[in-house]
Amino acid sequence: MSPRTAVVTGASSGIGAATARQLAAAGYHVVLTARRAERLEALAKELTAAGHSATAYALDVTDRPAVDAFAASLDSVDVLFANAGGAFGADPVATGNPDDWRAMFEVNVMGVLNAVQALLPKLVTSGDGTIVVLSSTAGFTAYEGGGGYVAAKHGTHAIAATLRLELSGEPVRVIEIAPGMVKTDEFAVTRFRGDSDKAAAVYAGVAEPLTADDVADTVAWAVTRPSHVNIDLLVVRPRAQAAQHKVHRVVEEG
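All letters in the sequence shown, in the order written, are residues 11 to 264 by our numbering.
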């Protein structure tokens with residue numbers, strides 16, 4: 011039997027790349043998608059060299075015709091990890107750049123919608139499909155400077171919750187994973203437009219924020235539960251973060 015196929019969006023770095031490694035190790039043929047083709051090819055080679063099955067496909071999830079063409083190229087799909095997303099800017103609502111808000115809505119909401127709509131027929135046909143949507147604790151709790159991202163991730167959460175209702179009776183699980191503070195190489199740096207000092211300040215004094223591997227472990231665990239078990243919503247935070255606004259930080263003296 012050929013391995014089951016898992017599509018991972020945003021697989022070129024961070025949580026997407028880490029989850030692709032986990033799913034490949036679990037025996038899935040992993041289809042890696044993201045905009046950065048060179049990174050995808052490198053990851054596919056890494057996985058193949060380790061004895062796993064992986065292919066790379068350069069894709070912008072906000073480009074609906076491209077997503078439709080990608081879906082048509084696949085023979086089958088058993089798992090979709092809708093991970094592609096991002097935050098751009100940290101300005102107050104009063105002065106936020108509408109272009110940033112629009113970009114966040116496009117990738118976090120429309121990107122998820124595009125991938126789900128294009129791949130859903132194949133997920134249903136599989137007879138045992140799983141959709142994992144990566145949202146965020148920002149999808150439940152607002153915070154200053156996060157208006158655009160908070161609004162977008164509320165939209166991501168709404169897609170998962172509504173889809174689960176609408177697919178009741180179909181052979182497809184809908185899982186939502188909502189991470190709190192995760193330290194990856196790019197997320198905060200991208201948000202602050204390359205300002206590494208501002209990015210570092212997000213995690214200042216936090217000994218152990220979540221890592222991409224922590225979230226990947228959570229996703230892989232949820233996906234590999236028995237088919238009748240659906241992890242509707244799983245919130246995962248570092249121990250130091252009790253809530254969006256409550257983070258234990260150790261201040262160095264001197």
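For the record, the hints were derived by calculation from the structure and aren't laboratory data. Backbone N, C-alpha and C fix where the C-beta goes; we use that ideal spot for every residue, glycine too. There's no promise every hint is true.
Claimed, not checked - For each label pair, taking beta carbons as the anchor points, the in silico distance ranges come out as:
1) ARG235 / PHE150: 33 to 39 Å
2) SER12 / ARG112: 29 to 35 Å
3) TYR153 / PRO13: 38 to 44 Å
4) ASP73 / GLU51: 42 to 48 Å
5) ALA59 / ASP242: 22 to 28 Å
Claimed, not checked - Below, computed lysine-lysine pairings styled on DSS-like, alpha-carbon distance capped at 27 Å:
6) LYS208 / LYS193
7) LYS55 / LYS193
8) LYS132 / LYS208
9) LYS193 / LYS132
The hints, checked one at a time:
1. ARG235 / PHE150: 33 to 39 Å: Because 23 Å falls outside the window, the suggested range is violated.
2. SER12 / ARG112: 29 to 35 Å: Roughly 41 Å apart at Cβ, these two residues miss the hinted range, so it is violated.
3. TYR153 / PRO13: 38 to 44 Å: 41 Å, holds
4. ASP73 / GLU51: 42 to 48 Å: Between ASP73 and GLU51, where Cβ atoms are some 20 Å apart, the hint is violated.
5. ALA59 / ASP242: 22 to 28 Å: Since ALA59 and ASP242 have Cβ atoms about 37 Å apart, the given range 22 to 28 Å is violated.
6. LYS208 / LYS193: 13 Å, holds
7. LYS55 / LYS193: 25 Å, holds
8. LYS132 / LYS208: With Cα atoms ~43 Å apart, LYS132 and LYS208 exceed 27 Å; violated.
9. LYS193 / LYS132: Not satisfied, since the Cα-Cα distance of roughly 34 Å exceeds 27 Å.
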